[in-house]
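Undergrad: Next come the chains, spelled out residue by residue.
Protein chains: 2
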Amino acid sequence: MAENSRGPLARTVLQQCLHARLQVQEANEHSEAQFVQIDRGMVIYICFFKGATEDILPKMVSTLLNLRLCEMPCGKRASVLELPGSLLIVPQATLGGRAKGKAMQYHNNISKEDGLQLYHSFVSLCEKELKAAADVTGKEVEVTVKHGTYGNRQVLMLDTNGPYTHMVEF
Amino acid sequence: MAENSRGPLARTVLQQCLHARLQVQEANEHSEAQFVQIDRGMVIYICFFKGATEDILPKMVSTLLNLRLCEMPCGKRASVLELPGSLLIVPQATLGGRAKGKAMQYHNNISKEDGLQLYHSFVSLCEKELKAAADVTGKEVEVTVKHGTYGNRQVLMLDTNGPYTHMVEF
Numbered sequence: 001m002a003e004n005s006r007g008p009l010a011r012t013v014l015q016q017c018l019h020a021r022l023q024v025q026e027a028n029e030h031s032e033a034q035f036v037q038i039d040r041g042m043v044i045y046i047c048f049f050k051g052a053t054e055d056i057l058p059k060m061v062s063t064l065l066n067l068r069l070c071e072m073p074c075g076k077r078a079s080v081l082e083l084p085g086s087l088l089i090v091p092q093a094t095l096g097g098r099a100k101g102k103a104m105q106y107h108n109n110i111s112k113e114d115g116l117q118l119y120h121s122f123v124s125l126c127e128k129e130l131k132a133a134a135d136v137t138g139k140e141v142e143v144t145v146k147h148g149t150y151g152n153r154q155v156l157m158l159d160t161n162g163p164y165t166h167m168v169e170f
Numbered sequence: 001m002a003e004n005s006r007g008p009l010a011r012t013v014l015q016q017c018l019h020a021r022l023q024v025q026e027a028n029e030h031s032e033a034q035f036v037q038i039d040r041g042m043v044i045y046i047c048f049f050k051g052a053t054e055d056i057l058p059k060m061v062s063t064l065l066n067l068r069l070c071e072m073p074c075g076k077r078a079s080v081l082e083l084p085g086s087l088l089i090v091p092q093a094t095l096g097g098r099a100k101g102k103a104m105q106y107h108n109n110i111s112k113e114d115g116l117q118l119y120h121s122f123v124s125l126c127e128k129e130l131k132a133a134a135d136v137t138g139k140e141v142e143v144t145v146k147h148g149t150y151g152n153r154q155v156l157m158l159d160t161n162g163p164y165t166h167m168v169e170f
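Sequence lines, in order, name chains C and S. Using my numbering, the letters of the first sequence map in sequence onto residues 1 to 170. Using my numbering, the letters of the second sequence map in sequence onto residues 1 to 170.
If you're looking for bench data, these hints aren't it; they were derived computationally from the structure. Here a beta-carbon is modelled for each residue, glycine too, at the ideal position from N, C-alpha and C. Just so you know, nobody snuck in bad clues.
In silico lysine-lysine, DSS-like type, Cα no more than 25 Å apart, as pairs: (1) C:Lys50 with C:Lys100; (2) S:Lys128 with C:Lys100; (3) S:Lys102 with C:Lys76; (4) C:Lys59 with S:Lys102; (5) S:Lys128 with C:Lys102; (6) S:Lys102 with C:Lys131; (7) S:Lys76 with C:Lys112; (8) S:Lys50 with S:Lys102; (9) S:Lys59 with S:Lys131; (10) C:Lys100 with S:Lys59; (11) C:Lys50 with C:Lys112; (12) S:Lys59 with C:Lys102; (13) C:Lys59 with S:Lys100.
What follows is a list of derived Cβ distance ranges for each label pair: (14) S:Asn161 with C:His107: 24 to 34 Å; (15) C:Val24 with S:Glu32: 32 to 42 Å; (16) S:Ala27 with C:Asp39: 13 to 23 Å; (17) S:Gly151 with C:Cys74: 16 to 26 Å; (18) C:Ser31 with S:Lys112: 49 to 59 Å; (19) S:Phe35 with C:Val24: 21 to 31 Å; (20) C:Glu113 with S:Lys112: 41 to 51 Å; (21) S:Lys128 with C:Glu142: 46 to 56 Å; (22) C:Arg6 with S:Cys74: 38 to 48 Å; (23) S:Leu116 with C:Asp55: 40 to 50 Å; (24) C:Lys102 with S:Tyr106: 25 to 35 Å; (25) S:Pro58 with C:Asp39: 38 to 48 Å; (26) C:Ser31 with S:Lys128: 44 to 54 Å.
The following block holds chain C by itself, in its conformation from the complex (with noise of 0.2 Å):
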C-alpha cells in the first residue's frame, strides 16, 4: 500500500491465532504476572515510522479488519469483521528495524512519545469497529480487542492452525 515516493508510515504483521496470549504486566514483588489473551481471530504486530499521523489510521484499520484471511471451515476465507473473530494488537517496535551489519538500526522509528499516541488510537479505532461489526451480525460470540502495553516487552504465546504470516505497509 505504501507509494513509491517514500517509505512506509506504518508497518503491521498479521497471523491468525486460534488462541493467543500477551503479557501487559510483568510480575514484581508486589503481585503476579497480568496476561491479556483472545481465542480465535488475528494477532497484529505494529510499528510506525517517522512522519506517520492520526491521518492514516482510518485506512490502516480499515483494510487490516476487512481483509478475509481468516479460514471459515467452509474452506473460504472471511475478515475478522465477518467472521467476528478477536485482535490481539502487540506494539511492536522492532519491525522497523533495517539489517546494518550485524545489528538492526531503528532510526526510522517514530518518537515514543507520537507513536504511543498512535497505538492508542489505533486500538481504539479498531475496538469501535469490531464493536459495530459484532453488533451487526448479532451473533452471540464474545469478541474482544486485547492490546499490549506500549513500551513493555512483548512477551507472547502463540497457537495457530496455520499463522498465514502476512505484511502489510501503509
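Based on the hints, put chain S in the right spot on chain C.
TA: Relative to chain C, chain S alone:
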C-alpha cells in the same frame, strides 16, 4: 537490503522463541500428526519472489544467522550462531501477498517448484552454518535446524519471551 531498482527477491520475518513447535504431517487415518520443535532460538518465516535464484542464498543465510537479535542473560544481544541457538524455518508463501481490496494477491510469488528448491537449499545452508558455529563454540548444547514441509499448512505453536519481530528483505 533490497535495492531500489527492483522489488525484493525474498522476504523473511524473524521471531525469537523460547519454544516453538510446527506440524510437519497432518494426522490421517494411518498415523497421528507429526511435529518438529526447537527450544531457545529463532523462527524464520520465509517467502521467495519471482526472479529469486540460488545466488541470493549465501548472503541471506549469513545475514540472518549473524544478526544480533537474541537476548543473553547479561542483557547484550547475540546472534543465533553466537548463542548458539536453534532455528525453526517455516515456509510462508503468504508473506508475499499484497492487499488488493479485501483480498490478498500473490502474483509476485515464485513458482512452487522453484520455491521448493530454494527452500531446500536455504535449509541446507542454515544447517551447515549452525553446525560449523556449534563446533567452534564447542558448547555441549544441542542446537538444531528444524523446518516445515514446503506446501503444507504450517500449524505453529510459539512461546516467546518477547518475539522481537523483525522483517528483513533481500
